[in-house]
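Student: Read top to bottom, the protein sequences are chains A and B.
Each residue of the first sequence is one higher than the one before, starting from 1 at the first, in the numbering used here.
Each residue of the second sequence is one higher than the one before, starting from 1 at the first, in the numbering used here.
Simulated from the structure, these hints should not be mistaken for lab results.
Cβ atoms here follow ideal geometry from the backbone N, Cα and C, with glycine treated the same way.
Don't take each hint at face value.
To be verified - The calculated lysine to aspartate or glutamate pairs, modelled on EDC-like cross-linking and capped at a C-alpha distance of 16 Å, are:
{"no.": "1", "chain 1": "B", "residue 1": "30", "chain 2": "A", "residue 2": "110"}
{"no.": "2", "chain 1": "B", "residue 1": "42", "chain 2": "B", "residue 2": "181"}
{"no.": "3", "chain 1": "A", "residue 1": "42", "chain 2": "A", "residue 2": "110"}
{"no.": "4", "chain 1": "B", "residue 1": "228", "chain 2": "A", "residue 2": "371"}
{"no.": "5", "chain 1": "A", "residue 1": "293", "chain 2": "A", "residue 2": "311"}
{"no.": "6", "chain 1": "B", "residue 1": "63", "chain 2": "B", "residue 2": "80"}
{"no.": "7", "chain 1": "B", "residue 1": "30", "chain 2": "A", "residue 2": "209"}
{"no.": "8", "chain 1": "A", "residue 1": "30", "chain 2": "B", "residue 2": "80"}
{"no.": "9", "chain 1": "B", "residue 1": "123", "chain 2": "A", "residue 2": "371"}
{"no.": "10", "chain 1": "A", "residue 1": "30", "chain 2": "B", "residue 2": "425"}
{"no.": "11", "chain 1": "A", "residue 1": "254", "chain 2": "B", "residue 2": "325"}
{"no.": "12", "chain 1": "B", "residue 1": "289", "chain 2": "B", "residue 2": "251"}
{"no.": "13", "chain 1": "A", "residue 1": "228", "chain 2": "B", "residue 2": "229"}
{"no.": "14", "chain 1": "B", "residue 1": "280", "chain 2": "B", "residue 2": "347"}
{"no.": "15", "chain 1": "A", "residue 1": "9", "chain 2": "A", "residue 2": "209"}
{"no.": "16", "chain 1": "B", "residue 1": "123", "chain 2": "A", "residue 2": "110"}
{"no.": "17", "chain 1": "B", "residue 1": "30", "chain 2": "A", "residue 2": "311"}
Unchecked claim - Listing some non-contacts, in silico: residues in chain B with all C-beta distances to chain A over 12 Å:
{"no.": "18", "residue": "30"}
{"no.": "19", "residue": "33"}
{"no.": "20", "residue": "180"}
{"no.": "21", "residue": "220"}
{"no.": "22", "residue": "265"}
There are 2 protein chains.
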Amino acid sequence: MTTTPHTLKADSDLEAYMADLGARARIAAKALRLASSAQKVKALTAMAANIRSSEAAILAANKIDMDKGAAKGLSAAMLDRLKLDSGRVEGIAAGLDAIAALPEPVGSIDESWSQPNGLKFNKVRVPIGVIGMIYESRPNVTADAGGLCVKSGNACILRAGSESANSSGAIHKALAAGLEDAALPAGAIQLIATTDRAAVGHLLGGLNESVDLIIPRGGKSLIARVQKDARVPVLAHLEGLCHSYVHQGADVQKALAVVMNAKLRRTGVCGSTETVLIDKAIAQSFLPKLAAKLHEAGCEMRGDKASQRLDANIIPAADNDFFTEHLAAIINLRIVGGIDDALAHIDTHGSGHTDCILTEDADAAARFLRDVDSAIVMHNSSTQFADGGEFGFGAEIGIATGRLHARGPVGAQHLTTYKYTVHGDGHTRPA
Amino acid sequence: MTTTPHTLKADSDLEAYMADLGARARIAAKALRLASSAQKVKALTAMAANIRSSEAAILAANKIDMDKGAAKGLSAAMLDRLKLDSGRVEGIAAGLDAIAALPEPVGSIDESWSQPNGLKFNKVRVPIGVIGMIYESRPNVTADAGGLCVKSGNACILRAGSESANSSGAIHKALAAGLEDAALPAGAIQLIATTDRAAVGHLLGGLNESVDLIIPRGGKSLIARVQKDARVPVLAHLEGLCHSYVHQGADVQKALAVVMNAKLRRTGVCGSTETVLIDKAIAQSFLPKLAAKLHEAGCEMRGDKASQRLDANIIPAADNDFFTEHLAAIINLRIVGGIDDALAHIDTHGSGHTDCILTEDADAAARFLRDVDSAIVMHNSSTQFADGGEFGFGAEIGIATGRLHARGPVGAQHLTTYKYTVHGDGHTRPA
Numbered sequence: 001m002t003t004t005p006h007t008l009k010a011d012s013d014l015e016a017y018m019a020d021l022g023a024r025a026r027i028a029a030k031a032l033r034l035a036s037s038a039q040k041v042k043a044l045t046a047m048a049a050n051i052r053s054s055e056a057a058i059l060a061a062n063k064i065d066m067d068k069g070a071a072k073g074l075s076a077a078m079l080d081r082l083k084l085d086s087g088r089v090e091g092i093a094a095g096l097d098a099i100a101a102l103p104e105p106v107g108s109i110d111e112s113w114s115q116p117n118g119l120k121f122n123k124v125r126v127p128i129g130v131i132g133m134i135y136e137s138r139p140n141v142t143a144d145a146g147g148l149c150v151k152s153g154n155a156c157i158l159r160a161g162s163e164s165a166n167s168s169g170a171i172h173k174a175l176a177a178g179l180e181d182a183a184l185p186a187g188a189i190q191l192i193a194t195t196d197r198a199a200v201g202h203l204l205g206g207l208n209e210s211v212d213l214i215i216p217r218g219g220k221s222l223i224a225r226v227q228k229d230a231r232v233p234v235l236a237h238l239e240g241l242c243h244s245y246v247h248q249g250a251d252v253q254k255a256l257a258v259v260m261n262a263k264l265r266r267t268g269v270c271g272s273t274e275t276v277l278i279d280k281a282i283a284q285s286f287l288p289k290l291a292a293k294l295h296e297a298g299c300e301m302r303g304d305k306a307s308q309r310l311d312a313n314i315i316p317a318a319d320n321d322f323f324t325e326h327l328a329a330i331i332n333l334r335i336v337g338g339i340d341d342a343l344a345h346i347d348t349h350g351s352g353h354t355d356c357i358l359t360e361d362a363d364a365a366a367r368f369l370r371d372v373d374s375a376i377v378m379h380n381s382s383t384q385f386a387d388g389g390e391f392g393f394g395a396e397i398g399i400a401t402g403r404l405h406a407r408g409p410v411g412a413q414h415l416t417t418y419k420y421t422v423h424g425d426g427h428t429r430p431a
Numbered sequence: 001m002t003t004t005p006h007t008l009k010a011d012s013d014l015e016a017y018m019a020d021l022g023a024r025a026r027i028a029a030k031a032l033r034l035a036s037s038a039q040k041v042k043a044l045t046a047m048a049a050n051i052r053s054s055e056a057a058i059l060a061a062n063k064i065d066m067d068k069g070a071a072k073g074l075s076a077a078m079l080d081r082l083k084l085d086s087g088r089v090e091g092i093a094a095g096l097d098a099i100a101a102l103p104e105p106v107g108s109i110d111e112s113w114s115q116p117n118g119l120k121f122n123k124v125r126v127p128i129g130v131i132g133m134i135y136e137s138r139p140n141v142t143a144d145a146g147g148l149c150v151k152s153g154n155a156c157i158l159r160a161g162s163e164s165a166n167s168s169g170a171i172h173k174a175l176a177a178g179l180e181d182a183a184l185p186a187g188a189i190q191l192i193a194t195t196d197r198a199a200v201g202h203l204l205g206g207l208n209e210s211v212d213l214i215i216p217r218g219g220k221s222l223i224a225r226v227q228k229d230a231r232v233p234v235l236a237h238l239e240g241l242c243h244s245y246v247h248q249g250a251d252v253q254k255a256l257a258v259v260m261n262a263k264l265r266r267t268g269v270c271g272s273t274e275t276v277l278i279d280k281a282i283a284q285s286f287l288p289k290l291a292a293k294l295h296e297a298g299c300e301m302r303g304d305k306a307s308q309r310l311d312a313n314i315i316p317a318a319d320n321d322f323f324t325e326h327l328a329a330i331i332n333l334r335i336v337g338g339i340d341d342a343l344a345h346i347d348t349h350g351s352g353h354t355d356c357i358l359t360e361d362a363d364a365a366a367r368f369l370r371d372v373d374s375a376i377v378m379h380n381s382s383t384q385f386a387d388g389g390e391f392g393f394g395a396e397i398g399i400a401t402g403r404l405h406a407r408g409p410v411g412a413q414h415l416t417t418y419k420y421t422v423h424g425d426g427h428t429r430p431a
């Protein structure tokens, strides 16, 4: 319950250590809630400067993680996510500067109205409180999450993946120095100083009402554990099983460019298209052209029988392929009878992340945008635009695939909640 | 998985029965999501008409509940909450008509914006899906909850208290007939047809991903059980430990009228004031006048030592009184040194429901409205305005005291979530 440095050792008395983190976070949340916009900007700018001046220490810490990871036999993809270099460190600092420059999310008024009795109402944005963030390999999430939480007036407790423990620790040290420069409490951004998995259990238990929200960011098994064990609300990022639907009214050239980008710009991001649905009426003029481009780009094509008939390079898709987020240069292809078929396919197979219709037919587009029940529904654009930066949110802490509180890209503004202020002049309520 | 009437018996195979309710609700939610505003209004209007034409049956069912309740020894207050008469049945019908007349919450656009690349974005209100509602004695909640869910495009599964089982069943029958009149599926509003408490456990377990949100409405033990056992998000209504703070800059006459109303208009509602904090600087001119009025009105006064010195009828308050939602003609009184003291008291003792400052000092009011972290923060008005109707929401399903998704009065508009629609013209994302 103090703001002095930790004296508890994380590994000798984990429960007391975690309870102390929670108590510090709760106190810091109050300071952050009442902090001025200028004070938060000062902290974020100092954090960015400290990241830049700590580059050597951050890269040295990252080398330890990389060496351990290589010895442990981490995959090339995981090692790439873990790796920092001078450019990536500058990217982390620039990200913090960008968060500093975002509009202030706290105190903005969503709505104002009056009642006939003269009472005036405002719905005002306020911070959530304490956010527990659990994430895997990418060490930059330490800075993104810490920065977005400070901007939105929330304290955070960060749990980095064990493979990035040293890198995350070095980044956290730079953030903590930035908080100090702006006279904000160290409890505003705390990094759990142990790789003991039991720490996650304590965090999910809510640390005696010290945690208001958990945001997990990682693979399916992490998310499943969080959703099973959390005793506090969770803003989860599940998978992105995204569809691009080529309607019979599509412009073929436009649709070709969009689908190629939606699948192949980057195959490892959650907004990449996994399945292309193509109207029967346009399949003969569209699919062979698409298949030629995909084949040339080295993308494996798995299709239903009707699509296989139109291109020899399309191999048979298993039923399960249409439920699989490949995150690789593999695409599912299916010919559908029309928009009803497409909507039913997405309803059954989609993950509620991002789905797009390609068409010049305004009525079909309007129906698709209304009827598809996903966080992001698009018309004539690449599903790879599913990203907080592309939405203009400046930075994102993840893409929420649940239905409550926030859906889609979660930026600083979505890490707030609201309260009502009511303004009277001696108003009493009649019996 | 069908829309035919139930053939499963709730009491012989509860798990299969509950799973079937969930599956029906999920199918109905899709129909409701896509229903037109006119179709929902038609259903709500028909529901109101059916309530009126079923008055005799509803009152007969209520008599059974009342007789059972009296035999069981329910308190007078509980029996009063349970009791229906002709006026209350008309109130239920009028409530449904009022919900029908509310603005359509689905499809409204919160925000629209464009990015420099020409992509256009809309943030659009959509239904949540399936809502599980668990409530105690008042049978009118069956109609309020069913009506608000239909208006907001959500299917609901209702669990009424066992003491109101017959009344709720008769009301539900009238609602079901209204759904049928508007060609909406019966799965849109389902009432759990058993008083077996294990049914609640299944509902809280989420019925195999068929429930998106649980709303409990009842006493502390119910809410505690729901928060402990729920595997899906919960919108909880905890207690209302509300404060009225008489600042030294208060207008004495205005403050007297507001505080009397805040405490005594109705003592059993969650928005009633439990504790009055009074600035030392105004205590001598204000407190004796307030104490005389409270005493005359038969309100028991429990105060700290400083307040006891100012009026002989004030008895000593125990520490615990300041943490107690009396819901009775008992008031806590405390003299504070100034606004810092008052804010600290509310921070420690409040429940985050509703708190008010009485003052003519604009700076003090602004600070209180900013610094108090409650769902509703008021200036110069009775805390008893904490009510969806008084906010202009038309009807409410409860007052949320959590921090996520919705806070304060929960009306039809708060039973929605959002999605983004993104409008391009062949937009591809650069590498």
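Student: Are the hints correct? Go through all of them and say.
Tutor: For each hint, the structure was consulted:
1. B:30 x A:110: The given pair, whose Cα atoms are some 29 Å apart, is violated under the 16 Å limit.
2. B:42 x B:181: 8 Å, holds
3. A:42 x A:110: 26 Å, violated
4. B:228 x A:371: 35 Å, violated
5. A:293 x A:311: Holds: residue 293 (chain A) and residue 311 (chain A) sit about 12 Å apart, inside 16 Å.
6. B:63 x B:80: 12 Å, holds
7. B:30 x A:209: This hinted pair is violated, its Cα atoms lying about 36 Å apart.
8. A:30 x B:80: The hint is violated at about 42 Å.
9. B:123 x A:371: Between residue 123 (chain B) and residue 371 (chain A) the Cα gap is close to 15 Å, so the pair holds against 16 Å.
10. A:30 x B:425: Judged against 16 Å, a Cα distance of about 46 Å means the pair is violated.
11. A:254 x B:325: 63 Å, violated
12. B:289 x B:251: 13 Å, holds
13. A:228 x B:229: This hinted pair holds, its Cα atoms lying about 11 Å apart.
14. B:280 x B:347: At roughly 19 Å apart (the allowed maximum being 16 Å), residue 347 (chain B) and residue 280 (chain B) break the hint.
15. A:9 x A:209: Distance ~22 Å between residue 9 (chain A) and residue 209 (chain A) Cα, so the pair is violated.
16. B:123 x A:110: Holds: residue 123 (chain B) and residue 110 (chain A) sit about 13 Å apart, inside 16 Å.
17. B:30 x A:311: Violated, at roughly 36 Å.
18. 30: 8 Å, violated
19. 33: 7 Å, violated
20. 180: Given a closest Cβ separation of 24 Å, the condition holds.
21. 220: 15 Å, holds
22. 265: Violated: least Cβ distance 6 Å, not greater than 12 Å.
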